[in-house]
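Asks: Make the full structure from the sequences, and use the hints.
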Amino acid sequence: MKLGGFLLLLSGWGIVVAAFSVLHGGAVSGFILAGFGVEIIGLALILRAHLPASEDNG
Amino acid sequence: MNVEISLALCLVFILLIPLAIAGLSLINVGLGPSRSAAHFMTSSLCVVAVSLLIYFAFGGAVSQGLYSTPLMALTEPKSPLQPSGIFFHAMPWATVAALPALLMLASVAICSVIPLGAAGVRWRASSASLSTVLLAGFVFPIFFRLIATQYLASGFPRLPGTLDAGGSGFINVTGGLTALSITWLLGPRHGKYSLSGIPAAIPAHNAVYVLFGCMLTWVGWLGLNSAGAMLYAGSGAENSALVIINTTLSAAAAALAAAAVTRIRYRRPDASLIANGWMAGLVASSAGCATFKPTIAIIVGLVAGTLVVFSAEWFELRLRVDDPCGSVSVHAVCGLWGLLAVGIFAGIPGQFMAQIVGIATLLGFIFPMTYGLNWLLNKFSPYRVSPDGERQGLDLHELGADAYPEFVIHSDEFLQR
Chain A
3 MKLGGFLLLL SGWGIVVAAF SVLHGGAVSG FILAGFGVEI IGLALILRAH LPASEDNG
Chain Y
44 MNVEISLALC LVFILLIPLA IAGLSLINVG LGPSRSAAHF MTSSLCVVAV SLLIYFAFGG
104 AVSQGLYSTP LMALTEPKSP LQPSGIFFHA MPWATVAALP ALLMLASVAI CSVIPLGAAG
164 VRWRASSASL STVLLAGFVF PIFFRLIATQ YLASGFPRLP GTLDAGGSGF INVTGGLTAL
224 SITWLLGPRH GKYSLSGIPA AIPAHNAVYV LFGCMLTWVG WLGLNSAGAM LYAGSGAENS
284 ALVIINTTLS AAAAALAAAA VTRIRYRRPD ASLIANGWMA GLVASSAGCA TFKPTIAIIV
344 GLVAGTLVVF SAEWFELRLR VDDPCGSVSV HAVCGLWGLL AVGIFAGIPG QFMAQIVGIA
404 TLLGFIFPMT YGLNWLLNKF SPYRVSPDGE RQGLDLHELG ADAYPEFVIH SDEFLQR
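From first to last, the protein sequence lines stand for chains A and Y. Counting in the working numbering, the first sequence runs from 3 upward without gaps. Counting in the working numbering, the second sequence runs from 44 upward without gaps.
Simulated from the structure, these hints should not be mistaken for lab results. For every residue, glycine included, the Cβ atom is placed at its ideal position computed from N, Cα and C. Take these hints with a grain of salt, some might be off.
Label-pair restraints from in silico Cβ distances [unchecked claim]:
#1 Lys-422(Y) with Ser-13(A): 23 to 29 Å
#2 Val-24(A) with Ser-237(Y): 48 to 54 Å
#3 Gly-32(A) with Pro-337(Y): 31 to 37 Å
#4 Lys-4(A) with Ala-284(Y): 33 to 39 Å
#5 Gly-16(A) with Leu-360(Y): 30 to 36 Å
#6 Gly-16(A) with Phe-450(Y): 52 to 58 Å
#7 Pro-430(Y) with Lys-4(A): 20 to 26 Å
#8 Lys-336(Y) with Lys-4(A): 39 to 45 Å
#9 Ile-43(A) with Phe-450(Y): 39 to 45 Å
#10 Ile-129(Y) with Lys-4(A): 32 to 38 Å
#11 Ser-239(Y) with Gly-6(A): 27 to 33 Å
Replies: See below:
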């Protein structure tokens, strides 16, 4: 789950960079926000993945 | 204002920045246990030394943007980005181009101290120094090159660059995300969480250090934001009063917000969270210190002060991230808020999306990079001290002497029995 989260973070950033380098007009903002949304999902996955690890170390 | 006065003012501002490093170190020491106080301070000095040398050796060459600054454009034609080279060998030291180099060295030193606050008490000093090589040599300069020098936006003129005058992003969020990565890799302190996951309160060993550290950091931050506004945001020296007022008002509002929130939630104000609130206000003010109006700076500070209390609680209780000094909440969370606030309040067309690009780069590229690099380093050189060393205190375990040898050393009253 942790690895998946980090891959989603990188993918989201790829979408953001691709959005303003390839697209034009109103679509740029939409794709930047979409990429950012993917990053948020990735971040949520990473946060969840770290919960059990913390419990083991307690 | 003429160029000579601008340069002199900028130099004075840069010379104030080491006070921020001293203040941050003092806050970390005060919030940690007395048995690791000397270790905290020694580690701070070591990571600052490593960061300066590594940035000088090759970090500066990675970031490259040192030549093209608004201040330089006052005195000579604006040049395109040029590499300063390893060991700054291509740096014309007798020109104005040396000022951004000085500011970068001070910035990377602040950034390197941030992870210690979250990972101290269980992080070996040698590992901290090795990790700083990665931070100062790669993570910090790469983000600076991508965003602060507007490298990403320079090829794509449809989008303005991310505005981050005083380093909410490239100093604080970079340091804060590194702190989070290292805290996860280290795990919580021994005895911090019971088997059922209930966190133990481990109080600060010296609240006076913490609060005095806040005062020192304030002075340092005035220098950091003022110099950053001149060199990175193209703000004139005549705008310095506004930058200083914004920074101060934001910190004041954030400290009072933290005091009010802790008073309401815990029935009495909490000294360490008020200190964190003060710091959160400074951090959040950095990105937009040259563009905010003072009333906006107060709003930014109020949000930061409230955010830091809930964030610290959320990380400790829900996510079980053991961050003794609240570094992740103060620097990462409130730094991100500072970047976002510029997009919301600056009133520049397209700036909101530009700030989102900056935040997305921090979360989507810098965070995986710093986590991956530290994960790899942890495999080769384990970060965590032995359980015995942690129990004994890092002063005795790693340095062989206590910070307070003539005082009675208390027993393990905070450890689980």
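Asks: For every hint, state whether the structure bears it out.
Replies: So, going through the hints one by one against the coordinates:
1. Lys-422(Y) with Ser-13(A): 23 to 29 Å: 25 Å, holds
2. Val-24(A) with Ser-237(Y): 48 to 54 Å: With Cβ atoms ~52 Å apart, the hint holds.
3. Gly-32(A) with Pro-337(Y): 31 to 37 Å: Hint holds: Cβ distance 35 Å, inside 31 to 37 Å.
4. Lys-4(A) with Ala-284(Y): 33 to 39 Å: This hint is violated: roughly 47 Å between Cβ atoms.
5. Gly-16(A) with Leu-360(Y): 30 to 36 Å: 34 Å, holds
6. Gly-16(A) with Phe-450(Y): 52 to 58 Å: 55 Å, holds
7. Pro-430(Y) with Lys-4(A): 20 to 26 Å: The hint (20 to 26 Å, Cβ to Cβ) holds, given that Pro-430(Y) and Lys-4(A) are roughly 25 Å apart.
8. Lys-336(Y) with Lys-4(A): 39 to 45 Å: 42 Å, holds
9. Ile-43(A) with Phe-450(Y): 39 to 45 Å: 50 Å, violated
10. Ile-129(Y) with Lys-4(A): 32 to 38 Å: 35 Å, holds
11. Ser-239(Y) with Gly-6(A): 27 to 33 Å: Holds: the Cβ-Cβ distance is about 29 Å, inside 27 to 33 Å.
Figure legend: structure checked against the earlier numbered hints; hints not met, in rising order: 4, 9.
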